[in-house]
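Each chain, letter by letter, is given below.
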Amino acid sequence: MTPDAAEVVIGTGEAVAFWILGPVALAGALGMVFSRNAVHSALWLVTTMLSLGVFYVIQSAPFLGAAQIIVYTGAIMILFLFVLMLVGRDSSDSVVETLRGQRVAAAVLGVGFAALVGAGVARATEGLAVIGLGDAGGDGNVTAIAELLYTRYVLAFEATGALLIVAAVGALVYTQIERHPGSRRGQKQLSRARFLTDDRPQTLPGPGVYARANSVAAPALLPDGRPSAETVATGVEAQQVEQMPRPTGREQLGSPDAALGTMDPAPLDGPAGDRR
Amino acid sequence: MNLWAASDQPTLEDFGNDVWWIVLIKVVGVFVVLVLMTLFAIVFERKVVARMQQRTGPNRVGPRGYLQSLADGLKLAFKEDIMPALADKPVYFLAPVLATVPAFLAFSVIPMGPTVSIFGERTPLQLTDAPIGVLVILACSAMGIYGIVLGGWASGSTYPLLGSMRSAAQMISYEIAMGLSIVAVFLYAGSMSTSEIVAAQADGNRLDFFGLEFTGPSWFAVLLPVSFVIYVIAVVGETNRAPFDLPEAESELVGGFHTEYSSLKFALFFLAEYINMVTVSALAATLFLGGWRAPWPISIWDGANSGWWPLLWFFLKVVAALFVFIWLRGTLPRLRYDQFMRFGWKVLVPTALVWILVVATMRTVSREADLSTGEVAIYVGLPAAVLVLGGLLLASRSANRDTRLMAEEASAGAVHASDPEPDVLPPAGARRRPTGGPSRAEGGYPIPPMDLTVPPSPRIRRESTDTGTAVVSTGRRGTATIEEDGDA
Numbered sequence: 001m002t003p004d005a006a007e008v009v010i011g012t013g014e015a016v017a018f019w020i021l022g023p024v025a026l027a028g029a030l031g032m033v034f035s036r037n038a039v040h041s042a043l044w045l046v047t048t049m050l051s052l053g054v055f056y057v058i059q060s061a062p063f064l065g066a067a068q069i070i071v072y073t074g075a076i077m078i079l080f081l082f083v084l085m086l087v088g089r090d091s092s093d094s095v096v097e098t099l100r101g102q103r104v105a106a107a108v109l110g111v112g113f114a115a116l117v118g119a120g121v122a123r124a125t126e127g128l129a130v131i132g133l134g135d136a137g138g139d140g141n142v143t144a145i146a147e148l149l150y151t152r153y154v155l156a157f158e159a160t161g162a163l164l165i166v167a168a169v170g171a172l173v174y175t176q177i178e179r180h181p182g183s184r185r186g187q188k189q190l191s192r193a194r195f196l197t198d199d200r201p202q203t204l205p206g207p208g209v210y211a212r213a214n215s216v217a218a219p220a221l222l223p224d225g226r227p228s229a230e231t232v233a234t235g236v237e238a239q240q241v242e243q244m245p246r247p248t249g250r251e252q253l254g255s256p257d258a259a260l261g262t263m264d265p266a267p268l269d270g271p272a273g274d275r276r
Numbered sequence: 001m002n003l004w005a006a007s008d009q010p011t012l013e014d015f016g017n018d019v020w021w022i023v024l025i026k027v028v029g030v031f032v033v034l035v036l037m038t039l040f041a042i043v044f045e046r047k048v049v050a051r052m053q054q055r056t057g058p059n060r061v062g063p064r065g066y067l068q069s070l071a072d073g074l075k076l077a078f079k080e081d082i083m084p085a086l087a088d089k090p091v092y093f094l095a096p097v098l099a100t101v102p103a104f105l106a107f108s109v110i111p112m113g114p115t116v117s118i119f120g121e122r123t124p125l126q127l128t129d130a131p132i133g134v135l136v137i138l139a140c141s142a143m144g145i146y147g148i149v150l151g152g153w154a155s156g157s158t159y160p161l162l163g164s165m166r167s168a169a170q171m172i173s174y175e176i177a178m179g180l181s182i183v184a185v186f187l188y189a190g191s192m193s194t195s196e197i198v199a200a201q202a203d204g205n206r207l208d209f210f211g212l213e214f215t216g217p218s219w220f221a222v223l224l225p226v227s228f229v230i231y232v233i234a235v236v237g238e239t240n241r242a243p244f245d246l247p248e249a250e251s252e253l254v255g256g257f258h259t260e261y262s263s264l265k266f267a268l269f270f271l272a273e274y275i276n277m278v279t280v281s282a283l284a285a286t287l288f289l290g291g292w293r294a295p296w297p298i299s300i301w302d303g304a305n306s307g308w309w310p311l312l313w314f315f316l317k318v319v320a321a322l323f324v325f326i327w328l329r330g331t332l333p334r335l336r337y338d339q340f341m342r343f344g345w346k347v348l349v350p351t352a353l354v355w356i357l358v359v360a361t362m363r364t365v366s367r368e369a370d371l372s373t374g375e376v377a378i379y380v381g382l383p384a385a386v387l388v389l390g391g392l393l394l395a396s397r398s399a400n401r402d403t404r405l406m407a408e409e410a411s412a413g414a415v416h417a418s419d420p421e422p423d424v425l426p427p428a429g430a431r432r433r434p435t436g437g438p439s440r441a442e443g444g445y446p447i448p449p450m451d452l453t454v455p456p457s458p459r460i461r462r463e464s465t466d467t468g469t470a471v472v473s474t475g476r477r478g479t480a481t482i483e484e485d486g487d488a
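Here the protein sequences come in this chain order: W and E.
The first sequence maps to residues 1 to 276 in UniProt numbering.
The second sequence maps to residues 1 to 488 in UniProt numbering.
Don't read these hints as lab results, they were simulated from the structure.
Accuracy of the hints is not assured; some may be wrong.
What the hints assert, rightly or not - Chain E side only, calculated, beta carbon under 7 Å to chain W, not exhaustive:
#, residue
1, Leu127
2, Ala130
3, Pro131
4, Ala139
5, Val149
6, Trp153
7, Ile172
8, Ala202
9, Ala284
10, Met406
11, Ala410
Said to hold, decoys possible - Non-contacting residues of chain W with respect to chain E, defined by C-beta distances greater than 10 Å in every case (computed):
#, residue
12, Phe18
13, Ile20
14, Val104
15, Gly127
16, Leu163
17, Gly170
18, Ala171
19, Ile177
20, Val241
Claimed, not checked - So the derived label-pair ranges between C-beta atoms look like this:
#, chain 1, residue 1, chain 2, residue 2, range
21, W, Tyr174, E, Glu213, 52 to 60 Å
22, E, Glu80, W, Tyr153, 53 to 61 Å
23, E, Thr11, W, Gly127, 35 to 43 Å
The beta-carbon is built from N, C-alpha and C at its ideal position, and this holds for glycine as well.
My request is simple: use the sequences and hints to build the entire structure.
Following this line, the structure appears as structure tokens:
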């Protein structure tokens, strides 16, 4: 390239940001590979993606940086986490090698691949001059991207959009449960139906609460003392509750404080108190 | 607009060349404003909700109880910091920080006023701005989700996990609706920078309605009402506020994602939630309510939009938006989760998409055909509105009809229309729910027995064994008494 173009200096701020974020991004990548816990791996990946987002912003591509953070870090990685969290907390990678020598081979091949790509990129960009993106944007970064997307690359853009829509719809179709339309009554229909037929527009009464049972299987009592079968949930066998004898009146219980045991010692004010 | 006012409106070139101490003042200022707004919002919320519920609200600490949240914050700081045994320690520690930092960060691009003079330096009342200003806020709110999701996961407990799962799904869904609602604003303002969006709402909207010229309102809340409504609904979901507070629904999930948190970590979550509320309120003011510019009757006064006055208009708008949040909380019951998600995906997102289409069409038509505002409204806006309203009318009629038919069908079949579907729950033993229960006429509903008495306290037994008096029975004094006296 031209020699004067090569004289473009990288600003101090950019250099500082690079030397801080570069190691962070690299650490994120390594942490992602070496973490045993899947969620920790995902978090390390988030670190790398965030650093990349900031890199884009520094490289005069603020829109790309924001999109990177909003779409990749914000939406896609959260969905990843969503799935990983469903897997369970204690599911870590097994340390047992199922294929003999797999780790070593993978390490060697990985390092080799990295060297290959790194060397290739280094060779390709060796003589290139840094010209920055200042004038590549034309009328600003956002406007330039919009212009390219909707003129030169409009077909690719539309095709990608169509592909994604098809994928999403396909996933929906595959996971959908076939249900005959109108076969399931919703809350609204049930509520209306209840008012049309039943003499009970509201919900069914709850089970009984006794001194010795508050189980859902304990039926509530009707005014005449019979257990009410309606109060027991469907699918539960009604339980016989051992009743407390019902003491009545002051004669047996003494003062209210004594009966509740709230006063200590209870004042000697009744037959029950006398007996203590 | 006169020259003085024009020079007050900051442009993108005004940012990024402040002296370092100005930047420092602004950073500290934003921090202080957010913390103060949080303290204020908590007391304000409690007082307003109390008034709505015919209560007094906090009235003990400070004048008229206004220092209550400060006292609560101090108390929170001195509480025991609990680390659950099953917690994933680094992530558990990181989560509240991840929730709080983006919340603070988002406020940095909110314009709070015009260019003012601070110690002789002329600088905009806004920490910074970028061509993608609003996207910075969206990115920060996207990062804030991590705090909640990871906090719930790292607690190692079921309820927080459920809360964080809910919040992950909810916040992503509602962020889509929120982003789509803002698109129309971008189209009208021609920019994504917050200060330029405020500038776009600056001075009236010259309308030409078939030769009749007048100046209409220029707030995007008036020009783009559908966007505004969608934004308001979406941010309530995005900030996990009632009626969309499903991640922390206390009747279902104890405390939701922060159940296991205490002390300062919990305080950070609390802070983040309220700061997010303030931020989205400020963004609503910026995008839809004219930003820091004075509302109409005040804006007649020339000095209203210069100097430090706009700070007042801005915070009045923010407090008004906060009041709406509180109002919603005081009024509406929490939605069921499936209804909530259905509303987001099947109502908000499609409506926002159709609305963007309409807005873009109107703008294109007015540009291509060189029509005036009134003509565009007549030729494009009116047909579109009629089409949408007609569609909604038809849909609601058909839905009502379906409901009626289904209800009649259901009522014709069973005595109890609410019987669960047979495949949901198998009948227990030989018994299904009997249909022959007592009817309303027969004697009404189960009620507690009229002579219900509270059983004696078990503490009495302990007391009697301690004293070692000659009680012959099992120690239950009540039982013994009754056995002697017999049931009356």
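Each hint, compared with the structure:
For Leu127(E), the suggested interface contact is broken, since its CB lies about 16 Å from the closest CB of chain W, more than 7 Å. The interface hint given for Ala130(E) is met, as the beta carbon of that residue sits about 6 Å from the closest beta carbon of chain W, less than 7 Å. Satisfaction of the interface hint for Pro131(E) is found here, the shortest Cβ-Cβ separation to chain W being roughly 6 Å, below the 7 Å cut-off. Hint status for Ala139(E) relative to chain W: holds, with the closest Cβ pair at about 4 Å, below 7 Å.
At its closest, the beta carbon of Val149(E) sits 6 Å from a beta carbon of chain W; the interface hint therefore holds under the 7 Å criterion. Interface hint at Trp153(E): satisfied, since its Cβ lies 5 Å from the closest Cβ of chain W, which is below the 7 Å cut-off. Proximity of Ile172(E) to chain W holds as hinted, the smallest CB-CB distance being about 6 Å (cut-off 7 Å). At a threshold of 7 Å, the smallest CB-CB gap from Ala202(E) to chain W is about 21 Å, leaving the interface hint violated.
Interface restraint check for Ala284(E): the shortest CB-CB distance to chain W comes to about 19 Å, outside 7 Å, so the restraint is violated. Using the Cβ-Cβ criterion of 7 Å, the hint placing Met406(E) at the interface with chain W is satisfied: the shortest such distance is roughly 4 Å. With a cut of 7 Å, the hint placing Ala410(E) at the interface with chain W holds, because the nearest CB-to-CB distance is about 4 Å. With a cut of 10 Å on Cβ distances, Phe18(W) stays outside the contact zone with chain E, its closest approach being about 19 Å.
With a least CB separation of 16 Å from chain E, Ile20(W) remains clear of the 10 Å interface cut-off, as annotated. Every C-beta of chain E lies more than 10 Å from that of Val104(W), the closest at about 30 Å, which supports listing it as non-interface. Even its closest Cβ contact with chain E, about 32 Å, leaves Gly127(W) beyond 10 Å, as expected for a residue assigned away from the interface. The claim that Leu163(W) lies off the interface holds: its Cβ sits roughly 19 Å from the closest Cβ of chain E, which is beyond the 10 Å cut-off.
Chain E leaves Gly170(W) outside its interface by the beta-carbon criterion, the shortest separation being 17 Å against a cut-off of 10 Å. The claim that Ala171(W) is not at the interface with chain E holds, since no C-beta of that chain comes within 10 Å of its own (minimum 14 Å). Look at Ile177(W): its CB is around 12 Å from the nearest CB on chain E, clear of 10 Å, so calling it non-interface holds up. Non-interface call for Val241(W) relative to chain E: holds, since the shortest CB-CB distance, roughly 13 Å, exceeds 10 Å.
Hint check: Tyr174(W) to Glu213(E), Cβ distance near 58 Å, so the stated range 52 to 60 Å holds. Checked against the given bound of 53 to 61 Å, the beta carbons of Glu80(E) and Tyr153(W), roughly 58 Å apart, stay inside it. As the Cβ distance of Thr11(E) to Gly127(W) is approximately 39 Å, the hint placing it in 35 to 43 Å holds.
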